[in-house]
Structure formats: structure tokens, C-alpha cells
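**Q** Please work from the sequences and hints to get the whole structure.
Protein chains: 2
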Amino acid sequence: MTALSLVNNPIGGDWRRGWIVYDNIMARNRITLDDVARAAGVSAITASRALRQPAKVSERARARIFSAVQKLGYVPDAAASALASTRTSVVGLLVPSLTNAVFADFLRGVYDAIEDTSLTIQIGNFRYSPSKEESLIRTFLHQRPSGLIVAGVDQTEAARRMLMEAPCPVVQTMELSDQPVDRIIGFSQYASGEMVARHLIDAGYRRPGLLGARMDPRAQARIAGYRSGLRTVGLDDARRMITTPQPSSVGMGGQLLADLFAAAPDTDAVFCANDDLAAGALFEAQRRGLRVPESFGICGFNDLEMSRHMVPPLTSVATPRYEIGRGAIDLIRAALDPLSGEMPKRIELDAVMSARGTTRNNKNERTAR
Amino acid sequence: MTALSLVNNPIGGDWRRGWIVYDNIMARNRITLDDVARAAGVSAITASRALRQPAKVSERARARIFSAVQKLGYVPDAAASALASTRTSVVGLLVPSLTNAVFADFLRGVYDAIEDTSLTIQIGNFRYSPSKEESLIRTFLHQRPSGLIVAGVDQTEAARRMLMEAPCPVVQTMELSDQPVDRIIGFSQYASGEMVARHLIDAGYRRPGLLGARMDPRAQARIAGYRSGLRTVGLDDARRMITTPQPSSVGMGGQLLADLFAAAPDTDAVFCANDDLAAGALFEAQRRGLRVPESFGICGFNDLEMSRHMVPPLTSVATPRYEIGRGAIDLIRAALDPLSGEMPKRIELDAVMSARGTTRNNKNERTAR
DNA sequence: TTGACTAATGACAGCGCTGTCATTTACGAT
DNA sequence: ATCGTAAATGACAGCGCTGTCATTAGTCAA
Numbered sequence: 017m018t019a020l021s022l023v024n025n026p027i028g029g030d031w032r033r034g035w036i037v038y039d040n041i042m043a044r045n046r047i048t049l050d051d052v053a054r055a056a057g058v059s060a061i062t063a064s065r066a067l068r069q070p071a072k073v074s075e076r077a078r079a080r081i082f083s084a085v086q087k088l089g090y091v092p093d094a095a096a097s098a099l100a101s102t103r104t105s106v107v108g109l110l111v112p113s114l115t116n117a118v119f120a121d122f123l124r125g126v127y128d129a130i131e132d133t134s135l136t137i138q139i140g141n142f143r144y145s146p147s148k149e150e151s152l153i154r155t156f157l158h159q160r161p162s163g164l165i166v167a168g169v170d171q172t173e174a175a176r177r178m179l180m181e182a183p184c185p186v187v188q189t190m191e192l193s194d195q196p197v198d199r200i201i202g203f204s205q206y207a208s209g210e211m212v213a214r215h216l217i218d219a220g221y222r223r224p225g226l227l228g229a230r231m232d233p234r235a236q237a238r239i240a241g242y243r244s245g246l247r248t249v250g251l252d253d254a255r256r257m258i259t260t261p262q263p264s265s266v267g268m269g270g271q272l273l274a275d276l277f278a279a280a281p282d283t284d285a286v287f288c289a290n291d292d293l294a295a296g297a298l299f300e301a302q303r304r305g306l307r308v309p310e311s312f313g314i315c316g317f318n319d320l321e322m323s324r325h326m327v328p329p330l331t332s333v334a335t336p337r338y339e340i341g342r343g344a345i346d347l348i349r350a351a352l353d354p355l356s357g358e359m360p361k362r363i364e365l366d367a368v369m370s371a372r373g374t375t376r377n378n379k380n381e382r383t384a385r
Numbered sequence: 017m018t019a020l021s022l023v024n025n026p027i028g029g030d031w032r033r034g035w036i037v038y039d040n041i042m043a044r045n046r047i048t049l050d051d052v053a054r055a056a057g058v059s060a061i062t063a064s065r066a067l068r069q070p071a072k073v074s075e076r077a078r079a080r081i082f083s084a085v086q087k088l089g090y091v092p093d094a095a096a097s098a099l100a101s102t103r104t105s106v107v108g109l110l111v112p113s114l115t116n117a118v119f120a121d122f123l124r125g126v127y128d129a130i131e132d133t134s135l136t137i138q139i140g141n142f143r144y145s146p147s148k149e150e151s152l153i154r155t156f157l158h159q160r161p162s163g164l165i166v167a168g169v170d171q172t173e174a175a176r177r178m179l180m181e182a183p184c185p186v187v188q189t190m191e192l193s194d195q196p197v198d199r200i201i202g203f204s205q206y207a208s209g210e211m212v213a214r215h216l217i218d219a220g221y222r223r224p225g226l227l228g229a230r231m232d233p234r235a236q237a238r239i240a241g242y243r244s245g246l247r248t249v250g251l252d253d254a255r256r257m258i259t260t261p262q263p264s265s266v267g268m269g270g271q272l273l274a275d276l277f278a279a280a281p282d283t284d285a286v287f288c289a290n291d292d293l294a295a296g297a298l299f300e301a302q303r304r305g306l307r308v309p310e311s312f313g314i315c316g317f318n319d320l321e322m323s324r325h326m327v328p329p330l331t332s333v334a335t336p337r338y339e340i341g342r343g344a345i346d347l348i349r350a351a352l353d354p355l356s357g358e359m360p361k362r363i364e365l366d367a368v369m370s371a372r373g374t375t376r377n378n379k380n381e382r383t384a385r
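Just so you know, the protein sequences line up as chains A and B, in that order. Sequence positions in the first sequence follow the working numbering and run 17 to 385. Sequence positions in the second sequence follow the working numbering and run 17 to 385.
Calculated directly from the structure, the hints in this document are not laboratory data. Be aware that a few hints might be false.
One copy or two, either will do: identical chains are not told apart, so a pair holds if it fits within one copy or between any two.
Below, a list of computed lysine to aspartate or glutamate pairs in the DMTMM-like style, where the Cα atoms sit at most 25 Å apart [claimed, not checked]:
1) Lys87 with Glu150
2) Lys148 with Glu181
3) Lys148 with Asp132
4) Lys148 with Glu131
5) Lys87 with Glu181
6) Lys148 with Asp198
7) Lys361 with Glu173
8) Lys87 with Glu173
9) Lys361 with Asp170
10) Lys148 with Asp128
11) Lys72 with Asp353
**A** Written out as C-alpha cells, the structure reads:
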């Protein structure tokens, strides 16, 4: 949304300007802070403080103000507050995709964490485009957000500068980094990939391949770790690494597996960059009559709910996406609250190997940072 | 979020109050409409009009204003605009769940439709609780939204009254009704259920059952239609209708199928209220060594991407959730724009039977309203 | 009791924009 | 040239809240 595009403002229709009063909502004579203050016998600014910084108001006044709020059903006007304080209660959330199953759990964590908070979420979908991400960051910062949550650590140079100088806490998620912009919460994609490599090697597979789609930076890091893990035992083979820029899907998993066998028919295992691909690969393997896991191993990534129920249950790597969503909000709240003690600026979580029926030795439980 | 809960305002930390200027964002001396007006040699109000109602400003002034906007990088302040106009550009979106795969596609449609619009989305998750939905409606209306999008047609009495008197367009989605609150877009859940019944009957199944979880009103309507369809041919059997209030999941699909066979071992087909359950049921059927579709038929609902790739591919009902998301925003935009011609207030979409490999006759293509 | 603090409260102005209504300009008809 | 109408523009006030700074009340030690 550029400055110019804002010009096409769809607002301005005259939708029922004559308001109707119901349940005190949207009444023409809205309950304001002044009303509350008057009812409590204090000034407006004291009422304002009572709501925002209760400690700064006397016990007595506070009680009267709170009860007036209750009685009148006062609800603060976010717009007025934002205008006066040059700060909205919006937390911007930049995600590469809305479809992605990872996103759903992440979002759930975020929403669980803002509950009983006055924070509000605004989602921006940059569709895996770094330049779109950059422009969304610009747009969001113009709205004076309370915080910004971004995916990953691979922003453009300009985006990174904006984030570093942003007048609000910024949280990078889903990945770790030694040079975070500000706060960061995630797990090591690279180490997770290495862990998968070890798992497949330990299971005795000797000609492992890879399927990847829509190679965003996180997937790339994962895959880099995987290949590095294979390389240490001399099993990295570029012919077996099949990727596509197209979106990831179950159908794509099947196609890519076919491509893999076309390129290297003797491949005996695959790491799929996510569980959708892995599910597709498993279905395709079934169609081809492969014996999974005996003669062909499959390992997914993310550990979706579905995966453990497939036949055979899918080996995958469980990622803490819900926790990352929750934690990202916690980091922002801590940054916003001067009273919060020493909340760390960095949270490292683990990805956990869930070895199941699509790979041979299904009893090891590894952990990756 | 009640009035009182707003009291715990997490904002108010003093996050870097001293602003840093970068790329004109959040600079202490922000570019305002006045700056634009001055640069263009007009008054502020004219500049404001040029942006919101270009037709009301002369060609000449408009051009100068637009170029000033460009040059200065002006971005309107949403808070100030909201305060002055008593109208935000927020569209509230009330959904029963964030996890649900249906939700993801719906959301994608919504976000695609607000692109290049100044509208903004605010999501409220009411977790299948009608009372929570009601309180979210109240909260949202307090924020003077541009529009409200709700799921289904089964709000509480109080919620319905609020919606009817809301000073903004309201769109009900996912279901049809003869008494919509305002605008409505969806398909008939009931007819979809009937369609499934016909499909199973036509395929020759004679002892069909049902699996349902988390019985929200839409699922209930679907199931009512299904049972009605069975009843017309005397095949409705309450023993075969297995439901649970617990959340729907792939794992739950397997469990429910086990329950079904425990209750009625001779059941020869199931309609699963969504594809997650259906996938779980299919996996469970495989574990039990049932011959699908010959001796046991399975039909899902929603037609997720995964379904067509399963082995065998899952028969399901494709629902237009993406289109509903897009359409809901279109309905709101039309309502907001007095110029928009005669956009209907009601949009009926179709759910389409996708007969595949988990039911016997897999070549009919039906449609339900 | 006084003084030196800190805690509690309030007056005021203004955040940036838009609704209202008054005023000016443009333009065609007389 | 004059008038009447519509189009274009502008002055003004105020939306509801909060930052700033001044003022008053409260507390404790001497």
C-alpha cells in the first residue's frame, strides 16, 4: 500500500449516518472519559491515569473511577488515544503466507497471547516477496504500532534499517540469528536440517534425497543444514536435491517425488521440507508400491496434526510454532512494560524429531536448537 | 474484552520516545495534510477532499495535490481520520476458530480483496462460543468499524439486535438464510448435506453413518440435511450418527470411526462433517483393512487440497470458502460506496460434489445451493 | 511547627484530520 | 453587463484523549 494507493479511499459512503442507540454502542452521545471523570468526581486526566497507570492514582480515586467505568460501560476510544499519544495499540504481524499450516498455529499462539490485553493484531501478507515485505514494514511503521513481528531474519537491507530504527519493539520469529534486529524467538532451521540428516543416516539410509518447494529463507536454511549433515558422511548428492519455486502442496509432493525418481531412481529416502510435501510423497510412494519405511524412508517437517495419523505415521520434526506466536507477543509486552523485570531479548526453542513409521528406526528422540 | 479488562493497558512503556528519522517514517515532524496543502497551494480541507472524493476537486488542484503527496511521501494518519470522522477503516472479522483449514482459505480471500484498499482487517476469534461472539461484536462496534463480517446466521438474540442496528454494513457468511441481518454470502449447508446423502444412496450404500465433531451450527445444518436426505429413502438410522463436542481433527476421525463400528458394525459408508475427520476415517479404515470404496464408502466435506491426493483420493464436497471471503469484502465495499450501482445484498454460491475414489460411483458431479 | 520532600491531582493545549456551513469562483443565459 | 445557478474552495471548530508542567495534598524528620 503506497502513499498514492491510499488515495482510493473506499470509505466515505454515508452509511446510516443517523445513529441508533443500542446497548450504548455507537450512540451519538458516546460515553467519554469526561463522563467517567465527572461521575467519579475527578478530572479527566486522573481518570485516564487510573486506567493506564493505576499505581499513580490514590486507592480511593481509583475505586471510584473503576466503578464509574463499570456503571457507565465506558470503553476507551482507540483512535483518540492513538492520536493523543502518537501510539496505537496495534501490533503488526508480517507473514509470508496465509495458507500455510504453520501460520495457523503461529497465529493461534499470537491471539491467545493478546487475550485480555488491549493489543490488537494487524496482519500483513507479503507472499514471500522481500520487496513487498519491505513496503509493508514501511506502511505499518507509519501507523505508529506498539510492536512489529516479522518472519525470519532475512529482510532486505532497507527493511532491516527501518526495523532497527523503529520506535517500537520488533520481534523476529521462526529462526535464530546472532545479529537480531531487536528481539528474537525461534529455533535453528539449520540445526533442524542437520538433525534430519543424522536421523536418516542412523536409520541406515545411504542414498537420501530432498524435496523442497517455495524456497523461502527458512526452508533454505533447513536444507543447507540437511546437506551439510549429509556431507559430513559423504552422502550429499546434488542430483537427489529436487526443489521448485512453486507453492508447496500435497500434490506438489507427489510430483517432486516422481521427479526425484526420474533423476535418481536408486534414492532410498527423502527429507521433505514440510509435511504437506511429505504427505504427497508418501501417497505417491504408496501408488508406486514402494515399501515404506523398509526400502524407502520419508521424513517431513513441522509435524502437523495429521502426520501422526497417516498410514504409516509420518516421521517429522515438531516445530514450536504455537509457542513462537505466544512468545513473540510476550516479548513485545515485556518491552512495552517498563516494570517488567528482565525479560530476555532472545528466546531459543527446540525442534524435536518425531521418528515414526515412515523411517526405519523409530525410537530415537532428538532435539535441535 | 469487556470494558473493565481494557483497564489493564499494557501500553505506556516509554519505548524510545526520542524518535529517529529514517525514510520519513515516524519522524518527529511527520508530514501532515497541512504540509501537502501548503505545498500544493490549497487549504487542508481541499487536500483532504482531493484524497477522499477526487471528483469534488478541480482537475488542476487535484493534480497539484497528488504530486505533493508523492513528493512529500504523505501517508494519512488513520487515528486522526478515525477521530474526526467517527469511522475507522477497520473491518471486523469474527471467526469461530483460527485452526480450521476452512478459515485459512476464507482469510486468504478476505486479504486478497482488501488489497489496494485502505480497509484493514481485525480478527476476533470466538472459539465457537456464542456468548464470546456476542461480546466481541460489542467490542468491535465500539471501535466504529467500516464493516463487520460474521460467521453463520446463528448469533444470540442480543448479538443479532446489535448487528441489525449497527451503523455499518454487516455480512453474514458461510450459510444462507431467509432473514439475513443485512448482507449475506454463502451456500446452503442443509442442501449440501442432502446432496451427500443422495450421492451415497446413488452409489448403492444402504447403511450409511455419520461422523461429526465440534458441532457448530453450520455442521449441524449440514448433518440435518444429510439425515433428511437419508430419511426420504428410509435409511436414516440414529445409531449410526456419531458426534462429539470435542474439536475436530484427523485423530478424532479415526476414533469416531472406531466408535461407529462399535455401535453399528454393519455400517457401509460414512459422511464425515469435514475432511480432517474423513482423512482420519480413511486412515483408520486402512488400518482395519477395509476395502474402500467397495465395501466401505467415505465422503468428506470442504475438499481440502490434500484430499484429492490421498490414496484412494477422497470423495468430498468442495466449498467456495475463498470466494466467500472475497465476496464478503466486496459486499462491504459496495455498501460503503454510494456510487456503486446495484450490488446485490445477497450472494448464493454453490457447493460442488467431488466424487472420487472413496465412494463407488465416482463420475457424478452434483451441485448444492 | 516547619521545611523538604514525594505523592496525587489538575489545567491546558494540541495530536491530524474531517463535518458543517459560509464564501468565492466559474459559467452559461438573459 | 447582469443575474442565477452550480462548482470549487476555505474557515472554523472539535472529535476524545494524553503529554507536559504547574499546583496542591500528604508524609516524615528535625
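**Q** Compare the structure with each hint and give your call.
**A** Here is what the structure says about each hint:
no. : hint               : verdict
1   : Lys87 with Glu150  : between (46 Å within a copy, 20 Å between copies)
2   : Lys148 with Glu181 : within (19 Å within a copy, 39 Å between copies)
3   : Lys148 with Asp132 : between (32 Å within a copy, 13 Å between copies)
4   : Lys148 with Glu131 : between (29 Å within a copy, 12 Å between copies)
5   : Lys87 with Glu181  : between (43 Å within a copy, 23 Å between copies)
6   : Lys148 with Asp198 : within (21 Å within a copy, 35 Å between copies)
7   : Lys361 with Glu173 : within (22 Å within a copy, 46 Å between copies)
8   : Lys87 with Glu173  : between (52 Å within a copy, 23 Å between copies)
9   : Lys361 with Asp170 : within (18 Å within a copy, 44 Å between copies)
10  : Lys148 with Asp128 : between (27 Å within a copy, 14 Å between copies)
11  : Lys72 with Asp353  : within (15 Å within a copy, 46 Å between copies)
Hint violations for this structure: none, all hints satisfied.
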